[in-house]
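Okay, here's what each chain looks like letter by letter:
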Amino acid sequence: MSLITTLARMEAVREGRAQPLTTVRHRHLSERPLAFVPLTTAGETGAPLGALVGTDRDAPRLLIVAQPRDRDLRFAFLAELAEEIQPYLDSYGDEVELEERKETDPETGKKVPVQVELCQDAPQLLVPSTAGVAFVRLLGRSMRFRRTAEQDPETPFPAPARVPLLGRWLTHYGERARVPGSCLLLSLTESLSRHWATGQSNLEDQHLGSLLAWIDPPEGVPGAEAALRAESERDEDGRLRCPPAGPATDPAFDNKLLAPAMSRYDAARTEASQGVAGGSARLRLAEAELRGLIESQLRPTWDALWRGVDLLRTLPEGARVADRWKRDRWSYTGHRDRVRAGEPPQPKLDDAVTAAQKLAARETAQAQLDAHEALDDPLVMAGRRLAGEAFAGEVIDVEMAWSDAKVPRPRPLVTIRTEDRPHLAERVKLHRVTADGRAQSGEFAGHADLDGADEADGSDEADEADVAEGQGDAEGQGDADGPAGADGPGRALVVRLTGGMGRGKQPEPGTVPEKGDRVCWTLFEHAPRGGPELPDAESTPWTHGGPPDTAAPAQSPQPDPMTEEDYL
Amino acid sequence: MDARALAALAANPGCRRRALLDGAGVDKGALAQALGAPANFGQSQFAHQRGNSFEARVKADGGADLVRLLHERLRDGSEPPGPGAVATPDLTASGPQGRTARTALALREATEAGRWALLDHPMVSLDVAGSPAFLEPDAVVVHPDGTWTVIEIKSFPMVDGSADPAKVGAAARQSAVYTLALERVASMIGEPEEGGDAAEAAEAANRADRAPVRVRVRHQVLLVCPKDFSNLPTAELVDVRKQLAVTRRQLDRLTRIEEIAAALPEGTTFDLRLTDDGRLPTRPVEELTAAVDAVDAAYAPECLSTCELAAHCRTRSRAAGQVEALGRGVRGELGGFTTVDAVLTAAMNGPADEAPTGDPAVDALRRAAALRAEALASRPELASRPEAAACR
Amino acid sequence: MIGADPAAAAAHPGRARAAEPFDPSAAAARATEAILHDTLHGADRGVVVDSPPGAGKSTLVVRAARELAAAGRRLMVVAQTNAQVDDLVDRLATADPDLPVGRLHSSDPHPYDPVLDGHESVRASAKIADLAGLDIVVSTAAKWAHIRHVEPWRHAIVDEAYQMRSDALLAVAGLFERALFVGDPGQLDPFSVVGADQWAGLSYDPSASAVTTLLAHNPRLPQHRLPVSWRLPASAAPLVSHAFYPYTPFRSGTGHGERRLSFGVASDGSGPDRVLDEAAASGWGLLELPARRTPRTDPEAVAAVAQVVRRLLDRGAVAVSERSDEPQPVAADRIAVGTAHRDQAAAVRAALAGLGVSGVTVDTANRLQGREFDVTVVLHPLSGRPDATAFHLETGRLCVLASRHRQACVVVCRAGVAELLDEHPSTEPVQLGVTVKFPDGWEANHAVLAHLSEHRVAWRP
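Chains as they are written, first to last, in our numbering: chain A, 1 to 568; chain B, 1 to 392; chain C, 1 to 461.
No lab work stands behind these hints, which were simulated from the structure alone. Possibly wrong hints are sitting among the right ones.
[Claimed, not checked] Straight-line alpha carbon distances no greater than 20 Å define the calculated DMTMM-like cross-link-like pairs of lysine to aspartate or glutamate that follow:
hint	chain 1	residue 1	chain 2	residue 2
1	B	227	A	70
2	A	429	C	326
3	A	348	C	197
4	A	348	B	160
5	C	127	A	533
6	A	406	C	113
7	C	437	B	239
8	A	358	C	197
9	A	429	A	399
10	A	348	B	236
11	A	348	B	228
12	B	167	C	428
13	A	348	B	164
14	A	358	B	160
15	A	429	C	113
16	C	437	B	236
17	B	167	C	197
Okay, chain A solo, but in the shape it has when bound (with noise of 0.2 Å):
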C-alpha cells in the first residue's frame, strides 16, 4: 500500500469517514447498467439460490429456487435468469458505428485497412462484490456447455438455447473482467474502494454494507461504529440487517429461516403431488414465504448497490476513461461477432497461446490503466511522484540545443524546479503532456544548481533501462528517496526535450514549456505497447507441447455429467 494511501486511511480513522483517493471517477458506468444480486446455495457449487436482476432500480426481478437441489427448478431458474439478461445484452449489439482497423490481407500477407463494425455502446453488468464476479464466471462456466433438444435429442434436461448462450456472454464477461481497467463486469466493492479508503482494512471492505458505511455514513455516526452495525446488526428474527454481498448466504439466515422453510415446501410438494387436499395452496403459500425470505437477503444488497452507483456518480469521469471504454465495446463487438459466426463456445481451458495473449494484454492494459489514471488524476499522480516515478516542478530555464545530426532537430533543455524525488539516471526516458494535450518526449540530462549551471550527473545506476525489460520487481516500489547527492530542498533536474515539437528545425510554438510553467513528467510510457505477436496455436513449438491436439473435435466439449448421485 503506498504511502499516501495508508495516510488517506489513517485520515479516515481520524474523521469517521471514508477519505478521497481519487479526484475523479476511473470507471466507466453506463446510463443503464444491469445489476446482478445472486444468492447460492451453501456447499453447492454453482447451484443458485435465488437473485434480483434488471436495470431498473425500483422494480428489479426476484428469481428464486425453491429447492436448489431439484435440477428441474435449477434449470428454469437459469432459463428465466437468461430472459431476463440475455435480451439486455443483446439490445446494444446493433446500434454500430464503422472503424477503420488494420488487418492481415490472407493472400498477399501485407497489413491493409477495413471497415469494421464497432458497438456504439456496450452493456454494463454490475454485481455488488468481487465474490459476485467470481460467480458469474461459474455460472458461464456451468451454462456454456448445456445442449439444447435441438443439439442433442437425447439429453435428460435439454436447455432452452438462450442458456448455452447466456453461459458464453457470462463467459466472456467474467474473463473480461481480469483486464485491469475493463468496465463490462464491475463489482461494487472493488470500485469504491479504488475511490475511496476507509478507516478498516482491505478486508473488511469486502462487505459492501461495511464500505458503504464509512463512505456514507447516517448523520451523526462515526463509520467505525456504522461498519459494526452493517456487519452484525440483527432484526427480531435473527436476520442481518445488512446481509452479506452474497452469493454465499450468513449461515445463520440459512439455519434458522431457509431450511425450515425448505422443508414446509418440500413436504407440501410431496402432498400437492399426491392430490392431498389443500396441498396446492400449501405448495403456493411455502413457496411465496421462500420467496419473501430470499428476498429479504437479496433487496438489502440490491438498494447497497445501487447507493454505490449514486455515490461513484458523484465524481466526475476521468478524462481517459471513455479510451478505455471503447476497448470494451471492442471486446463486446468481437464477442458478438463470435457469437453471430457460429463459433463454438469458449473451451474449458486455453490453449498455451491464448493464456500467452491473454497475459500479455492484460499486462499493457494494466500499464495503461496505472498511466491514464495518474495523467487524469493530480491525486494518483501524487502517489506516482512520492513513488519516484514523476515528478512537477515550475519551469526556470530553457536553453534553446539542437542535435548534431545532418538535419539538426531542437532539443532544448529545460530546467525544472521540484521538490519530487524521481529515481533518474543518465539518459531516462521521460514523458509529459503539453498543455494542449500532445505527448512530449524527453530525456534526463543531469542535475543543474539553482542558478541553471548543468552539473555532471553523478548517477552510477546507468544500467536503470534494463530494469524496465522485465526484470524490475517491487524493489523500487514507494521508494521514497532519490539518487545520492540530491538531498535538500530547492532541487532543479534538467531535461532534454526529445519529441513532440513539430518536424521543422524550430519547435512548433507553444510545443516548448516556457520559464514559470508547471510541468510534470513521468518516468513512465503514457501509451505502453503490447508485446510482440505469439505464433499461431497451430504453430504452438515443441516446448510447449506442440500443436494443440486437432484430432480433438473442434465442436463443444461434453456437457458436464448429470448422473443421479447429483441429486442428494
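Place chains B and C on chain A using the hints.
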C-alpha cells in the same frame, strides 16, 4: 486441535493471546460471546449435509473407489487394486485413547499384511503444548508397500482441475498435522525408517551408495473433492512438505505457553462462571475483559476469518489506535510508529520542504502528506461530505 | 516419498562420492564434457543445465557457442537483458577475435554497450537481415520475439533460462530447432504484474519460468548440473548449497584455507572492525544492531553498512586466492553492497559518499545477479521490518545476496528477525498441480540466519 485452531495458528502464529487460549483449551467462541463480541462463524446446515453425503459417497463400497482414485493419481505403473483388494479394518473402540491405540494397531497390521487398506476415520494423537491432542483424519490408506497416505475429503469443488487455492492451502495445512501425527505412530512401528524433511532428504541423497530412504508416511496427501458441478469425486495429490516443515516448527514453539502463562497475574482465569444449567455466563464482563487483556494479542484483520475472539481484539486494537487494525501491510513504511495518532501527528507537523529530520519515516510521511494535500487542493469539494443525497 | 528422487540424484554427473577425495576440476570437467556431448551429438531437442552461483555458466556458454559455431551450426543466443547480451558478446569476441558475432539490438537510442564497437568481428544492427550469415547472433528475448519470417536457426542457447518467462520462450521457440538452456534455479523468479492464477497448474502457465514449461512438456530432456562453485569459498558453499539448493547440492572449487582475507591494520575494537575480523576468519559476519522497527532506509543500519565498507578499505584488506601467488589488495572495485530496495541502495551510496568512499558497487539483489566480488556487505532484507512480505522472503533474493562473494560476506541486520519469521503467517494458498518450489523462503531465511548467528557481533552504534 481442530481445524479452526489450526487455521488461527497459521494466520497468526505470533499472537500470544491465541496461543494461550488455544493451548489451554478455552472455548474462544463462548468467551467472545460473554465479552459481547460474538464471532460470526457458523456452518450452514446445507453445506454440512452436502459435505457428509459427499464423504459417504466417496467411501461407499468399502473404499474401493477411493483407493482406485488414489492409485490412478499415483501414476506409478503399479497394478491397480482388484476387486476385494482393499481391507477396511474395524476401528471402533471407546474413548480417544482407545481409538488411538486401535488405530495404531490397525496400521501395524495393515502394514504387515502388505496389501491395500482403508482406515475410515482413524484417530491419531499429537503432542500440542505438552498435552495430547486427538485428531481424526477423514481416512488413511495403507499401500501394499507399507507406506501410508492421508486422505482429505472436502466439499469445495475442483472445476476443470483447479480449486480455490485458499481452501486447498487450508486443507494442506490440516493434512500436514495429520501427517505429523502419523509419523509418530510410524516411528513406534519402526522400519522402514522415518525421514522426510528437506535437509534430511538431501543428506540422505548425498550418501549416494545407500539405498533410497523409504518414508513410511507419504508427504503427498490425496485431496478428494466433488468434480465440477457434480457429486462425483475427483482427486489430486498435494505435496505438503512445506506445510509439514512450518507446522513442525510452529508446534515446537508452542511449548512457550507455560512462559506466557507464567507472566500472567496470579489467579488469572478465563472461567465464565456459567450458571448451573451451563447456559449463561455470570462473570462480569469487565473482569473477563481484564483477564483477556492480561495477555497481549497481535490483532490483524486476517484474524476475523480464523479466530473467534477477533471481534473483541479488533475493538481493543482500534481503541488503542494500533496501525495493524488497518492491515499488516500498512506498517511497512511507518518505521517505529505504531499508532494512527503518532503517524498523523508526524505527517502533519511541518511542511515537506523542511530540512530532513533524520528519520526517513517522518520525512516520507511529510512528503506524502504534502503531496496529498497539494492534489486535493485541486478539488476542495472532495474534502467535504460526498454528495449522495439521492441514495437515501 | 520425498520430492527429489535420491536414486536419480545420485546418478547425476558430478555428484561427489564420499569415499573418494573430491577433485573439483575433474568433476566440473566431466560435467562440461557431458553437457557439450549432449548438446552437439545428443538426439534430444533440448538440454538443460542448472548452474549454481559462480559455477562457470558464462564460461560454459562461451565454450558451447564456439563449439557449435565450429561445428557449422548457425547459432542464436537468447539472453534476458541488454547488459547480459553485451557481456556475452564481449566475452565471445574476446575469447575468439575472429568469430563473426552479430549483436541484434533495439531501435532505441544507445541500444548497446559501445565497448562492442571495439571488436572488429562484432556487427551490431537493429535489423536481422544485416546479420544474416554470421555464425552467432545474440540478442534479448524481447528483441528476438519481434523477428518473423526467417529460416529457423539450427541451434540456440537460452541463457538465464530460469529468469525467462514461459510466454517469452513461446514467442521465440519457433526460431530454433534445438536449444541449450542454461540458468541458475536459485535466483529470482520471473513474475507478472497482473494475476495469472487462472493458468496455475497448467503445463504452459505463461507466468511460470521457461524451464518449468519446457520440462513439463519434455520431461525426458537431459538435465545437467555444474557441480562446483568456483566463486564461493569453502566457507560459503555448504551453507548456500544447503539453504538454497537442498536437492541439488554443489561444492566449492577451493578448499578451506585456500582463500584468506587479512588486514594490514589491527582492529580498533569497534563493531565494524570486529565483524570484519570475524568474516575474515570464518567467511561470514553478522553485525547485529539492537532490535527496532525502522523504515526501509534505517539510518543506523545504512551508516553501519557504510562504516564496514570504510573500515574494510582503511584497514588495507588483502586477499589470498588460487588466482595469484601474491596477496591482492581488496580495492573498492572488489567490494559490493547488496540491498533489497533501490532506496536502500541510494541511501548507502549517499552514506558512502559522505565517508569519502567511491568505486564500490551498491545495488539491489536484482541487479547484482550474475556478478562477483571479493567481499560483499549485505543489508539484510528483513532488518528492522515490522513484517515479512513475500517480496522480502523470496528465496532468490537472499540467495543472490549471500552468493556474490569470493572471500567473505558481512550481513548487517537488526536483531529480532528470527522472531519476525516465527510470527509470519503461514497461510499460503496452494494451487493444484503446481510443483512445489524448494526451498521455501521462510525456511531458507531461517537456515541462513541460524548460520549467521554463529558469527554474530552485537553492536550498538
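So, going through the hints one by one against the coordinates:
For a cut-off of 20 Å, the pair hint linking residue 227/B to residue 70/A stands: about 18 Å separates their Cα positions. Note on residue 429/A and residue 326/C: the hinted pairing is violated, with a Cα-Cα distance of about 46 Å set against a maximum of 20 Å. Only pairs whose Cα atoms come within 20 Å are accepted, and residue 348/A paired with residue 197/C is accepted, the gap being roughly 15 Å. Restraint check for residue 348/A and residue 160/B: the C-alpha separation of about 7 Å stays at or below 20 Å, so the hint holds.
Restraint check for residue 127/C and residue 533/A: satisfied, since their Cα atoms lie roughly 17 Å apart, inside the 20 Å limit. Between residue 406/A and residue 113/C, the direct Cα distance comes to roughly 24 Å. Violation of the 20 Å bound is thereby established for this hinted pair. Our distance criterion of 20 Å between C-alpha atoms is met by residue 437/C and residue 239/B, whose separation comes to about 10 Å. A C-alpha spacing of about 12 Å is found between residue 358/A and residue 197/C, which places the hinted pair at or below 20 Å, so the restraint holds.
For the hint pairing residue 429/A with residue 399/A, the CA-to-CA distance comes to about 19 Å; that is within 20 Å, so the pair holds. Of the supplied pair hints, the one linking residue 348/A and residue 236/B holds, its CA atoms being roughly 18 Å apart against a limit of 20 Å. At most 20 Å may separate the alpha-carbon atoms for a hinted pair to count; residue 348/A and residue 228/B meet this at roughly 11 Å. Taking the CA atoms of residue 167/B and residue 428/C, the gap is about 10 Å. The hint holds against a cut of 20 Å.
Proximity of residue 348/A to residue 164/B is assessed by CA-CA distance (about 17 Å); at most 20 Å being required, the pair is judged to hold. Of the supplied pair hints, the one linking residue 358/A and residue 160/B holds, its CA atoms being roughly 19 Å apart against a limit of 20 Å. Annotation: proposed proximity of residue 429/A to residue 113/C holds, straight-line Cα distance about 18 Å (limit 20 Å). This hinted pair checks out: residue 437/C and residue 236/B have alpha carbons roughly 18 Å apart, not beyond 20 Å.
For the hint linking residue 167/B to residue 197/C, the alpha-carbon distance of about 14 Å falls within 20 Å, and the restraint holds.
Hint check: violations occur at hints 2 and 6; the rest are consistent with the structure.
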